[in-house]
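Protein chains: 2
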Amino acid sequence: MEKIGFIGLGIMGAPMAGHLIDGGHEVFLFSRSGPPADLIDRGGTARASAKEVAASADVIITMVPDTPDVEKVLFGANGVAEGLSAGKVVVDMSSISPVATKAFAARIKELGCDYLDAPVSGGDVGAKAATLSIMVGGPKVAFERVHAVFALMGKNITHVGESGDGQTTKVANQIIVALTIEAVAEGLLFASKAGADPSKVRDALMGGLATSRILEIHGERMIKRTFDPGFRIALHQKDLDLALQNAKTLGVSLPNTATCQALFNACTAQGGAAWDHSGMVKALEQLAHHQVAEG
Amino acid sequence: MEKIGFIGLGIMGAPMAGHLIDGGHEVFLFSRSGPPADLIDRGGTARASAKEVAASADVIITMVPDTPDVEKVLFGANGVAEGLSAGKVVVDMSSISPVATKAFAARIKELGCDYLDAPVSGGDVGAKAATLSIMVGGPKVAFERVHAVFALMGKNITHVGESGDGQTTKVANQIIVALTIEAVAEGLLFASKAGADPSKVRDALMGGLATSRILEIHGERMIKRTFDPGFRIALHQKDLDLALQNAKTLGVSLPNTATCQALFNACTAQGGAAWDHSGMVKALEQLAHHQVAEG
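Going down the list, the protein sequences come from chains A and B. By the working numbering, the letter at position 134 of the first sequence is numbered 137, and the numbering carries on one by one without gaps. By the working numbering, the letter at position 129 of the second sequence is numbered 132, and the numbering carries on one by one without gaps.
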């Protein structure tokens, strides 16, 4: 059994840390607002800072909202770096910038430790059910060391490549998902505005080249007008921010990612930050004064 | 057995008409350059005009390149309309404007005949193998009358709705396919430029929410640099023209369809009119001075 640190115990981190405790590991916990009582009841140990967690554990996991939060918890006052000693592994499971991740990994390596970036997909449902997909970048030896820990939290666990590649994969996933939602939205809205039944059009397209998980799931949500998340627009906006900021740094042009972010922005302007991301269709519908279908 | 007319005997029409002849129907043929000799050898009957075809046959099929071609062959001098008598069925299997199709259907109906719009997907490979997908709009009774004829040419035969709905479905398909190709292109190009192996990224994404037929097939073409068609960019440009022109008429905003057409235009500017449509990635690559992968 490992000594594991878990920093960040929000809607994702708390159930993930719970699986590690239930799996028999010794888990040291820190979050800004203190660890949830039930994690302590189940056998977790509270620590007063990220630094103390890093000093106590051999594998230190971070699960916080965004790039600046990871930087602060790793390298800020009383942060992980201050508590590390050589031979430990830092695993960032947050979804953050791939470019920043490479710099963080280099700084952790200088301390004689390994760094894995291991963002997840599957949301709070996947976190609770321990069915997350986990996309990992970093040294293969570190990946293998931590694999059994990942396996307590997720199902599809892929070692993609070197440091940053896990975050890059997550961003690529969020680009493709957002743009495929938009593709389905344009197709179904066109069909509906032209007078066809979008449900029959979707049926006719399933099985052909237009087939996608998104046409199946999100296409149905657009037709049935069920926009409860699922995955919130506000979260997908954060991910497309990462895509667009990193695209600027890397020098790559993502025209439809930019348009999708604009459409998400139009949704939040209508109060849709908490809509499911399939609600992107509503921004196109407003431009057309027409809905894909009546709910 | 039916008396069938077939007008337009190009790369798609010739094999389709051949299946009807081989299926035992009496088939009357017309094309501007005369019917291929092998269709006559197999039992087809040449006619001197679309008008004569319409006079001889009960079900008259048109398979020509674009909206103005359909209009000319139906309503021009010596066209189908001049040869029709009440009770016949006109079946346009070309891929043309949904809005124009509704007007054509109304004019044919005035002559006491039925009109079906029945565009196909599957390309010349599907035409030869009789595995086309056929998306049909128009009266259900006419659809049922012609179903056995369709079944000689295709496999997935769907009655979507009223006149125009077949063409609308085809346009929606081409919108979703183009935009999903673009989605995969942005995702894989971002990943590659960020230093990840696009092949491993694609593997990690398959099975999750980003899964699509396009990620599977066209994503692989982008990685392996195999841009032989497949489906030619020039043909997809024609389809997106239909989408954008009809979107203007209908009053619907298709921002990413417009961008995809712009990217296709950039490909043709590089001599890529005959590339497979997955070659759209090359336009994004040129903007980034970077390829998804080395071929």
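Source of the hints: derived by calculation from the structure; they are not laboratory data. Incorrect hints may have been included.
Copies of the same chain look alike in the list, so a pair counts if it fits in one copy or across any two.
[Unchecked claim] DMTMM-like, lysine to aspartate or glutamate: derived pairs with alpha carbons at most 25 angstroms apart:
1) 158 with 200
2) 75 with 113
3) 251 with 29
4) 75 with 231
5) 227 with 69
6) 251 with 44
7) 112 with 41
8) 158 with 147
9) 54 with 29
Going down the list of hints, with the structure as the test:
1. 158 with 200: between (38 angstroms within a copy, 22 angstroms between copies)
2. 75 with 113: Within. Shortest intra-copy distance 18 angstroms satisfies the 25 angstroms Cα cut-off; inter-copy 74 angstroms does not.
3. 251 with 29: neither (42 angstroms within a copy, 63 angstroms between copies)
4. 75 with 231: neither (33 angstroms within a copy, 50 angstroms between copies)
5. 227 with 69: neither (33 angstroms within a copy, 34 angstroms between copies)
6. 251 with 44: neither (46 angstroms within a copy, 62 angstroms between copies)
7. 112 with 41: neither (34 angstroms within a copy, 72 angstroms between copies)
8. 158 with 147: For residue 158 and residue 147, only the intra-copy Cα distance (15 angstroms) is at most 25 angstroms; the inter-copy one is 48 angstroms.
9. 54 with 29: Cα proximity of residue 54 and residue 29: one copy only (17 angstroms, versus 85 angstroms across).
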